[in-house]
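Trainee: Chains as they are written, first to last, in numbering that gives the first Met the number 0: chain A, 0 to 252; chain B, 0 to 285; chain C, 0 to 344.
No lab work stands behind these hints, which were simulated from the structure alone. Idealized CB from N, CA, C, for every residue including glycine. Some hints here could point you the wrong way.
[To be verified] Going by beta-carbon spacing under 7 angstroms, a handful of chain C positions derived as facing chain A: (1) R17; (2) L20; (3) G27; (4) P45; (5) T46; (6) S49; (7) G114; (8) G216; (9) P218; (10) N301; (11) P304.
[Stated by the list, open to error] Computed Cβ-Cβ distance ranges for the label pairs, DEER-style: (12) B:R160 with C:D161: 54 to 62 angstroms; (13) B:Y108 with C:F125: 20 to 28 angstroms; (14) A:A177 with B:L74: 44 to 52 angstroms.
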Amino acid sequence: MSPKILLESRQLVKRFGGILATDHVDFQLPQGARHALIGPNGAGKTTFVNLLSGVLTPTSGEIFLDGVNVTGWSARRRAHAGMARTFQINQLFADLTPLETLMLTIAERENAGWSWFRPVGSRSDFVDEAMSLLRQLGIEDIAHGRVGVLAYGKQRLLEIAVALAQKPKVLLLDEPAAGVPEHEREQILDVVAALPGDVALILIEHDMHLVFRFAKSISVLVNGGLFVEGTPEEIANDPRVRKVYLGEEEVNV
Amino acid sequence: MLTILLDGIAYGMLLFILAVGLCVTLGLMNFINLAHGAFAMAGGYLTITLMQQAGVPFLVCLPAAFIFAAVLGLLLERTLYRHLYDKTHLDQVLFSIGLVFMAMAMVDYAYGANQQIVNLPEYLTGRINFLGASIGVYRLFVIVICSLLVIGLQLVLTQTRFGSRLRAAVDDGRVARGMGIDVTRIFAITFAVGSGLAGLGGALGTGIISFDPTFPLKYMIYFLIVISVGGTTTITGPFLAAILLGVADVAGKYYVPAVGGFIIYTIMVLVLILRPQGLFARGPAR
Amino acid sequence: MTDMTLSHQPSPEAVKARAVLLGRSRWGIAEIAFWVIAAACYFLLPTKLSLLSEIAILGLLALSIDLVLGYAGIVTLGQGAFFGIGAYAAGLAAKHGAGAGPWSDPLIGLFIGGGFAALIGFLTSFLVLRGSDLTRLMVTLGVALIVDEIVNQAKWLTGGSDGLQGVLPSPVLGIWDFDLFGRTAFIYSMSVLFVLFVIARAIVKSPFGLSLQAIKGNPLRTRAIGMPVNGRLVAIYTIGSFYAGVAGALAAQTTQFASPDYVAFHRSADALLMLVFGGAGHLYGGLLGSIIFRTMQDVLGNITPQYWQFWLGATLVGLVLFVRGGILGLLAGLRDRATRNGGAK
Ligand SMILES: Nc1ncnc2c1ncn2[C@@H]1O[C@H](COP(=O)(O)OP(=O)(O)OP(=O)(O)O)[C@@H](O)[C@H]1O
Ligand SMILES: [Mg+2]
């Protein structure tokens, strides 16, 4: 029996004026997927993730999360229904600390965000969870510093920690390793690999080594439309893909 | 009835001349200059001083007010304002309110808090019949001058190289920079001309509105209404908005003095909520 | 949730981290000293009690802006509207309820003033949810202008431009009457300020308060982590309106008067200036700002009023250009540098 589909888009379209950024995309993401989404710059990968996560409203088409039509849902509601994402460009809270950022995310997940009389930190289980997440990403030593002044690589790790703190069923990672130094790249991949097996994952990534190490399935997006889908082997050996996307670059699987 | 309409149009045109500089600078630099009215006040008080102290003819005062306010604007832009373009709107607001307070205090100190009145030249006073309605000669004079200015502005914007660069910069500053347009210089010039027009408006206004040191604060609201209703992407938008506001204000004060202001402010809030890009603006909000 | 975080032992790091978090909400020496000195002013400056009550009231108004702007990042130029609404509501309650039993008690008046302001704040909060700083600024200003118009035009209710005369509040709790020297007024305003301050302090240090700072920092991300951003903004705007309304009610009760001046633009601008001068986002900024503002006003305004207004404007300009973050922002910056140097060795 094939695993159930957690996330699905049907004939999804997004136009920006004259640009067709998402072109009738039919896409299915089963439970436990390790799926890579690749494509040249400006192919519409981020736009697709923005549509899925509710940051943008589609021009037409539908989105289903765990079998429920969520097309009209706000980003907030989708988050509560189990969708989390990271951003290609860091979207963090510059004036908060990493620990506070995670405390906030956990509180929101547990519907404790309205709590207004007890100070932050009164829930020791939240602190514990936040600290262990920071440890997992190797940034517990900067738990109390201002996020805004952290090194870029550390911010990138925090970006992922926030998404993990949401304990999502579906996780969309938009170029999590972009601009991160080599040794921290490995760390990011390790963390992603350590996620529970039933979480469905989409990874957008330009680094083919990372893609082929991570992915069990790959989609190639070109000019907003799904160009090819398949296993890493199929994609690596597809001459059309080589032509439009990989160019002449040699690919090691 | 027609008299009120014409009075309103005259007032609206005056408002447009006063506010147009602010609309363009806001659209150009996304900079909110609440002190715009201070330049108008400068023009107004210069006219008052020149006429009362030095006996300078009114018609000479008009260009003098323009030049005075424009130079003042250019000076302040080069020394102070340019440090604020990359700051938050809150900072810009605080800064320009600070300038307003300083301007008000200085005028209050020099001229006192009373309302200033100028004696218009003979040929601009009195009333004539126009299309069957009686209208003040001065109102007609204002309408004519302002119409000429509006046409002139429109020509500059649509027919000259500067105008097309300015429009490009308002549409998308980044793209314009990319095309090699010197947005900073365009802005300085626009700021100066906008301030100058405000000064000219102030000078023209001496015959219609009474000047006292609270002028910049009182008229700030009107400018904001013109902007919010007219949008900042064109100058026809603010023009229509200013005319509408002028007519509504004059008619409101005449027919329903109790709720006139109330209605105008409510419309402003509604427009801001429902059409944040302005009632007469084209295209979606930015 | 399935994992049993409650049952297992927190790690030593987590225990330490929790201590750091909780330490942020502990009362510091400087804070305690501030309030002790504030209370001691009753004995230290017995001739200045009216001025001190006025400072406390302005401080409360500035605090209300701090909640809305300093924490949640909602730029407002119309907080004076809620101040005025609170003042008129409490003033009318005192005027028409005088001698009519418990309704004329000032404490009830506070709730009437604050409650009414909160109601209007709640209703208008939906107008400031969307839009840029600039739209919010104009919308809040517009709302304040509308309130101003109503106050000026509804003469039968508000007394129009003459102000609301004959506000005679009963003794506080039926015991302490408002006296000529402003003793009751001082203790009363100070106590109200302190109680509301403690509540505001709890709010900003709570998860709710933290979420406001997050919204101010990055609304996009707060939505992505499932935060009800609009709900939070409505809540804090309503709370802020309540605080401003209570400040207005205090003003009406202690001066036994309410005038259109209370809702005028300069009221909002002044309060905003006090906050910015003291430093937004620190809770104490507004209080500090109101002390300095009112003292300066007394000193400079006595020379000539124009003098005062000029320096007020110059201060604003200088603040924006040179001292971002106000006094407390400056101090925090110095402290940060000191700790970083200390930690570096
Ligand atoms: N808000 C927007 N308004 C207008 N056009 C947009 C907007 N966002 C994206 N686009 C356009 O849509 C297209 C797809 O952009 P998108 O960011 O989704 O590409 P991408 O595949 O993520 O690229 P990259 O690999 O560089 O991140 C581009 O042509 C881009 O210019
Ligand atoms: Mg992208």
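Trainee: None of the hints should be skipped; say for each whether it holds.
Mentor: These are the hints, each one checked on the structure:
no.: 1; hint: R17; verdict: 4 angstroms, holds
no.: 2; hint: L20; verdict: 3 angstroms, holds
no.: 3; hint: G27; verdict: 14 angstroms, violated
no.: 4; hint: P45; verdict: 37 angstroms, violated
no.: 5; hint: T46; verdict: 39 angstroms, violated
no.: 6; hint: S49; verdict: 34 angstroms, violated
no.: 7; hint: G114; verdict: 18 angstroms, violated
no.: 8; hint: G216; verdict: 4 angstroms, holds
no.: 9; hint: P218; verdict: 10 angstroms, violated
no.: 10; hint: N301; verdict: 40 angstroms, violated
no.: 11; hint: P304; verdict: 39 angstroms, violated
no.: 12; hint: B:R160 with C:D161: 54 to 62 angstroms; verdict: 59 angstroms, holds
no.: 13; hint: B:Y108 with C:F125: 20 to 28 angstroms; verdict: 43 angstroms, violated
no.: 14; hint: A:A177 with B:L74: 44 to 52 angstroms; verdict: 46 angstroms, holds
Comparing the model with each earlier hint shows violations of hints 3, 4, 5, 6, 7, 9, 10, 11, 13; every other hint is respected.
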